[in-house]
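Visitor: Let the hints inform the model, and build the full structure from the sequences given.
Top line first, the protein sequences correspond to chains P and V.
Quick note: the first sequence uses the working numbering, first residue 1343, plus one each step.
Quick note: the second sequence uses the working numbering, first residue 1343, plus one each step.
Since the hints were made in silico from the structure, they are not lab data.
Each hint should be verified, as a subset may be incorrect.
Identical chains blur together in the list; that is why a pair holds if it fits in one copy or across any two.
Subject to a maximum C-alpha distance of 30 angstroms in a straight line, what follows is the list of computed DSS-like cross-link-like pairs (lysine-lysine) [unchecked claim]:
no.	residue 1	residue 2
1	Lys1543	Lys1516
2	Lys1543	Lys1584
3	Lys1454	Lys1394
4	Lys1383	Lys1454
5	Lys1667	Lys1544
6	Lys1357	Lys1451
7	Lys1351	Lys1454
8	Lys1394	Lys1351
9	Lys1451	Lys1383
10	Lys1565	Lys1666
11	Lys1394	Lys1357
Protein chains: 2
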Amino acid sequence: MATIFDVAKLAHVSKSTVSRVVNGDVRVKPETRQAVEEAIKELQYSPSYFAKGIRTGQTNTIALLVPEYSNMFYGEMFNGVEDTAINEGYMVMVCNTGNVISEKDYIQKLMKRKIDGMIYNTYEVKPGIIRYLKQISEEIPVVFMDEIIGTRENVSSVYTDGYFSMINGVRYLKNTGCCKIGYIRNEDSIQATESRFQGFKKGLEECGLTFSPEFVYQCPVEKETNYIKAGMRAGDYFADMKENRPDALMAAIDLLAMGCVNQLKSRGIVIPDEISVMGYDNISLGELTQPPLTTIGQPIRKMGQIAARMLIDQIRTGEQEKTKKIFEGELVIRQTTRPVMK
Amino acid sequence: MATIFDVAKLAHVSKSTVSRVVNGDVRVKPETRQAVEEAIKELQYSPSYFAKGIRTGQTNTIALLVPEYSNMFYGEMFNGVEDTAINEGYMVMVCNTGNVISEKDYIQKLMKRKIDGMIYNTYEVKPGIIRYLKQISEEIPVVFMDEIIGTRENVSSVYTDGYFSMINGVRYLKNTGCCKIGYIRNEDSIQATESRFQGFKKGLEECGLTFSPEFVYQCPVEKETNYIKAGMRAGDYFADMKENRPDALMAAIDLLAMGCVNQLKSRGIVIPDEISVMGYDNISLGELTQPPLTTIGQPIRKMGQIAARMLIDQIRTGEQEKTKKIFEGELVIRQTTRPVMK
DNA sequence: CTGTTAGCGCATTCAC
DNA sequence: GTGAATGCGCTAACAG
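Guide: As structure tokens, this is what we get:
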């Protein structure tokens, strides 16, 4: 591997000049620059990653921390992050927290590796970790992709507003003629989806519909939740209600909706004619179910792009100012809901 | 950040001794070692990632190259890779090839960053890239997770044997009493699933069943294939055969099987009583269809773990010898096939 | 505009 | 067993 010295020798200049050329310093005579560039090309020189790092302290690496990676949602998020990272000369280290090692241990490893910044996601907002992360963010920029943290804390964040998105969803169902709307609520321990439930209630209110507690199916807390199955149980719950049942259901997440649709169908209930169902998240599986699932989607790839953009900007400028970017869920209308009435 | 020098000063030893302690050199007097360790703890010293790298040339980072990351298959694969990587002190850089930049460009970036090894996946086997990767593997270990490359080339690889897996599948169908087994074959351009078809034919032979070309539905090449729809067309093809039709079908991939099941059902054919259907891949959607799909799955997380294990072993030992680890598909028996006959 | 010099933090001889 | 010295490849301050 050629070093800066080899290039200098070949171009008959000093190391400093080579360094200047490589780093785009203006104060280099065009002829000299060209000579150096030729030498670089000839020797296929590329600056040593380590030597550069030891001087600049930068790795041009960012980390994406996610919980439970076997989930297409995070795959798409990664794609978004990578989109902008690559274009800006960064690479991304994916970190599945809570799997083999704890979040804190992972973050410590990352800090030792001198990553330049971090995008943080979580399922469960733990105060200890938030405190730790805020402390970390004194050292390197951190962007939070989490509605709860983004709402509560003074941190840079990117998220979709579950509250308003749900209100829109309710409004849509109302427009399709539904007026007895039920809800499949996530486990109590998952706070991330709580704002959706609040939005649901607010939506009913705004539409002049009444909220009935018995129209809410609450998923029990489980060790390892199978959301599909949980959704199926919800389906049974509502199917058992016979004629007093809702004419539409909203679910905290798509998988719950999908399990529910499945079970309602096998109980002989026609979707969407008898019951409309709307999910939340727009996982790609939703297009493939029968009927394809109407849902509220987060523009997750775009969110990943923006998060990376924010992060890299902060890395480059050293700006400490916290910024937030809040998205709205997009209604993805497929066939588990009826057409809008005239 | 404390440096090795600070530790040396506090422990009243030289930098060399600290270095020895940190790197587990035996030739250190126990008392000295303890003093150093205390100093390290007190100063929260951790060796500089860069300085260490500049001397050792190692980053303790591996890369996982995948095509199209928004796919749970690769998410699970990542989890497997990460499982062992983290335990061995490595971190993993995820690289979505063919998205923003080409495979070759990505690999070049990775080489500049001095990653210690690489796990390579692809959809499409391009000779140019294979050649390039074999050249790369002279410099750093590369493990291929691809059946075609693994079979054809002298490289380290981890993959599931589609050929034998299919033979097992045929055998299973035979045991459930099926003897006229048809096949839904993938587009001609997708080589990755070709070994499955070959295995299918071999399986028939081994079971003493006859292979009839008219029992093979061949998907036409399309610009953007909708596999569900393609499977539905296959369903029509077989339904049209009336009483001469197969009593079982195997499909190159789950989506084809699912589309087919769907269409057969709507043509009034009872699954699995009249026709059994078996998929391949075990995508999670398979549990959700009606009836849930019997299929052959790849133990993808375990494959990821093994691939990382092989890679890290090669990094550590410097062993150039190529090793292969071939898995067999796991029969996931659900309800599109009949029970085994006594 | 360009060259000289001095470290960055560490591992690794080579002495002792 | 331990310490002093050297250099990995680079950037940045300084001098010209």
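Visitor: Which earlier hints can't be squared with this structure?
Guide: The structure conflicts with hint 10 only, although it agrees with all the remaining ones.
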